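Enquirer: Chain residues, written in single-letter form:
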Amino acid sequence: MLKKTGYQEKEIVKKEFPPLKHLKKGPKAFIECYQKIPCNPCTTSCPHDAITIKGDIINRPKLDLAKCVGCGICVYNCPGLAIMVVGQADNPDYKTFDIPYEFYPLPNKGDRVLGLNRKGEELGMFTVLRVLNNKRQDKTALVRVKVPNEFLYDFATIKVGEDNE
Amino acid sequence: MKHYDVVVVGAGPAGMACAINATKHGLTVLLVERDDFLGGQLIKQTHMFFGSEKQYAKTRGIDIATILKKELLKQDHVDIMLDTSALAIYDDKVITLLNHHDYIKVKANAIVVATGASEKVLAFPNNDLPGIYGAGAVQTLMNVHGVKPGKSVVMVGAGNIGLIVSYQLLQAGVDVKAVVEASDSIGGYLVHAQKLRRLGVPILTNHSVKEAHGATALEELIIWKLDENFSGIAGTEKRIETDTCCLSVGLKPSSEMLRQAGAEMTYVRSLGGYVPYINQNHETTVNNLFVCGDVSGIEEASSAMVEGFIVGLTLANRFKNVPNFSVLMTDLKTQLKDLRAGETGEHIMKGIKQIMRGDHHA
Ligand code: SF4
Ligand code: SF4
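Protein chains in written order, with my numbering: chain R, 1 to 165; chain W, 1001 to 1362.
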């Protein structure tokens, strides 16, 4: 249970995940913000008004999949680092994940990095496709990782080499 | 003796916000700070804040300190004394200050105590070994002085501070071996917990520290499972090798000065300890003695800041007329209400109800 362990169960992740039929149309945000907290930068930062929080600021954000274009702006604006963008990779056996990343050194395009699931367990080595870190992002980099379809509901983040030491 | 409209004690988010609003509307203000910098705990916060844009959400704490500092230094009628401790408050609103070796007396029409909070400690055998720190000290070492507190760490406490500092430790390259939490669930925001967990940090609820071992400094920590009564269960001990242990087991309001000044106080568990009775304007039972921020109940920095703005505006309107007072005040009160919505907020609101009194000076 999330409140005891800090990770969400795979069944719930599957249920909350953007449906595959939407991913075919383009990349979509996946918001993993399961608790009522007083927070709203996801909604105010989205230029496409795709995220709404109804009523009180504590209510959970809701994504309108039709409006979301997968730009990733909400990803680095969320103080909880609770959003990623999932998209279809060129190779149909893979998906792309745009994740927020706040560790130095940043990976480089083409690097092989260790993929981790929501419990921090190792999934294997994945390729970095893109790294964005402009001034507007305020030190939260956006890293695009190529992830095999089998880990669609597992992949959560990356670890870059041993260089976090 | 110098005379100010308002003397504010403590230049954290609450004190700074209060000073800004009071002086912006024409009051003369003295802001007194024990440390040699403005911003209080904000300057150690490298993470993005929650809340809405009005409280600078998604801005990092340290950058909020800079924004407040700029706003404060723009004002004409504010004096700032750093390295200065407030010693005592007397009946006629005379406050005594100690700046290095100088003993200074100042008179005010109103005094605002925004002294924040101090860390609680946890009792266990050998908890005085070097390597066992409070979370505040760890943040100061890392984020102010750029010094890693150790190679590895066990964090005790899964409230927001424990979770956030654990993440900052990971960012600094420290191996966070576990977060240990005595209660049966994670107290901080789950998004912070998820961040740690996906990087492989176990969060152990219903666990606490049994004892620490080490010849001259911390070498290993023995943790164990707790039963429903928070007693350790024999046989569940686990040994963790670590050179650092960080305690984040809660804060208590630094409210001693209020008691000394004669404010009526009471113990409220959900607010962290002894807090003063207040009215809607955050005025204590002593006329023209106000509080804002953690000193009247432990909350987030964003709420502390909004409380500061509320008290500053209240004072400005009491001593001068603020033309659009009710519009400004309604906005601030709405912000505070929003920040206190949700589970954690409900808990805090219950505590605040216990100290809230009608207008005792009316
Ligand atoms: S990815 Fe872009 S369009 Fe989609 S919700 Fe986030 S900010 Fe809005
Ligand atoms: S910004 Fe992030 S943490 Fe805040 S409500 Fe939106 S998704 Fe949740």
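Take the hints with a grain of salt, since some may be wrong.
[To be verified] With a straight-line cut-off of 30 Å between C-alpha atoms, the simulated DSS-like cross-links for lysine-lysine are: (1) R:K3 <-> W:K1238; (2) W:K1054 <-> W:K1350; (3) W:K1069 <-> W:K1054; (4) R:K4 <-> R:K24; (5) R:K4 <-> W:K1069; (6) R:K109 <-> R:K36; (7) R:K135 <-> R:K21; (8) R:K36 <-> W:K1054; (9) R:K62 <-> W:K1337; (10) W:K1238 <-> W:K1069; (11) R:K3 <-> R:K25; (12) W:K1120 <-> R:K159; (13) R:K146 <-> W:K1333; (14) R:K3 <-> W:K1107; (15) R:K15 <-> R:K119; (16) R:K135 <-> W:K1054; (17) W:K1350 <-> R:K4; (18) W:K1054 <-> W:K1337; (19) R:K3 <-> W:K1225; (20) R:K25 <-> R:K10; (21) R:K67 <-> R:K25; (22) R:K159 <-> W:K1238; (23) W:K1350 <-> R:K36; (24) W:K1252 <-> W:K1054; (25) R:K54 <-> W:K1210; (26) R:K119 <-> W:K1054; (27) R:K10 <-> R:K54; (28) W:K1069 <-> W:K1107; (29) R:K135 <-> W:K1074; (30) R:K135 <-> R:K14; (31) R:K4 <-> W:K1333; (32) W:K1177 <-> R:K36; (33) W:K1333 <-> R:K119; (34) R:K15 <-> R:K4; (35) R:K14 <-> R:K4; (36) W:K1177 <-> R:K62; (37) R:K109 <-> R:K24; (38) R:K3 <-> W:K1069; (39) R:K15 <-> R:K25.
To be clear, the hints were calculated from the coordinates, so they are not data collected in a lab. These numbers come from a predicted model, not from an experiment.
Enquirer: Are the Cα atoms of K67 (chain R) and K25 (chain R) separated by 30 Å or less?
Expert: Roughly 11 Å between the alpha carbons, so the hint for K67 (chain R) and K25 (chain R) holds.
Enquirer: Run the distance test for K3 (chain R) versus K1107 (chain W): straight-line Cα separation, threshold 30 Å.
Expert: This hinted pair is violated, its Cα atoms lying about 50 Å apart.
Enquirer: Between K1177 (chain W) and K62 (chain R), does the CA-CA distance stay at or below 30 Å?
Expert: Cα-Cα ~34 Å, so violated.
Enquirer: Between K10 (chain R) and K54 (chain R), does the CA-CA distance stay at or below 30 Å?
Expert: holds (27 Å)
Enquirer: CA of K3 (chain R) to CA of K1069 (chain W), is that 30 Å or under?
Expert: Violated, at about 37 Å.
Enquirer: Does K24 (chain R) sit within 30 Å of K109 (chain R), going by the straight-line distance between their CA atoms?
Expert: Holds, because 24 Å separates the two Cα atoms, which is no more than 30 Å.
Enquirer: When you check the alpha-carbon spacing of K1054 (chain W) and K1350 (chain W), does it fall within 30 Å?
Expert: holds (25 Å)
Enquirer: Quick one, are K1238 (chain W) and K1069 (chain W) close enough, alpha carbons at most 30 Å?
Expert: Distance of about 47 Å is beyond 30 Å: violated.
Enquirer: For the pair we were handed, K1333 (chain W) and K119 (chain R), check the Cα-Cα distance against 30 Å.
Expert: violated (40 Å)
Enquirer: Would the pair K1252 (chain W) and K1054 (chain W) pass a check requiring their Cα atoms to be no farther apart than 30 Å?
Expert: holds (27 Å)
Enquirer: Would the pair K15 (chain R) and K25 (chain R) pass a check requiring their Cα atoms to be no farther apart than 30 Å?
Expert: holds (19 Å)
Enquirer: Would the pair K3 (chain R) and K1238 (chain W) pass a check requiring their Cα atoms to be no farther apart than 30 Å?
Expert: The hint holds at about 22 Å.
In this structure, the hints that do not hold are numbers 4, 5, 6, 7, 10, 11, 12, 13, 14, 25, 26, 30, 31, 33, 36, 38, in rising order.
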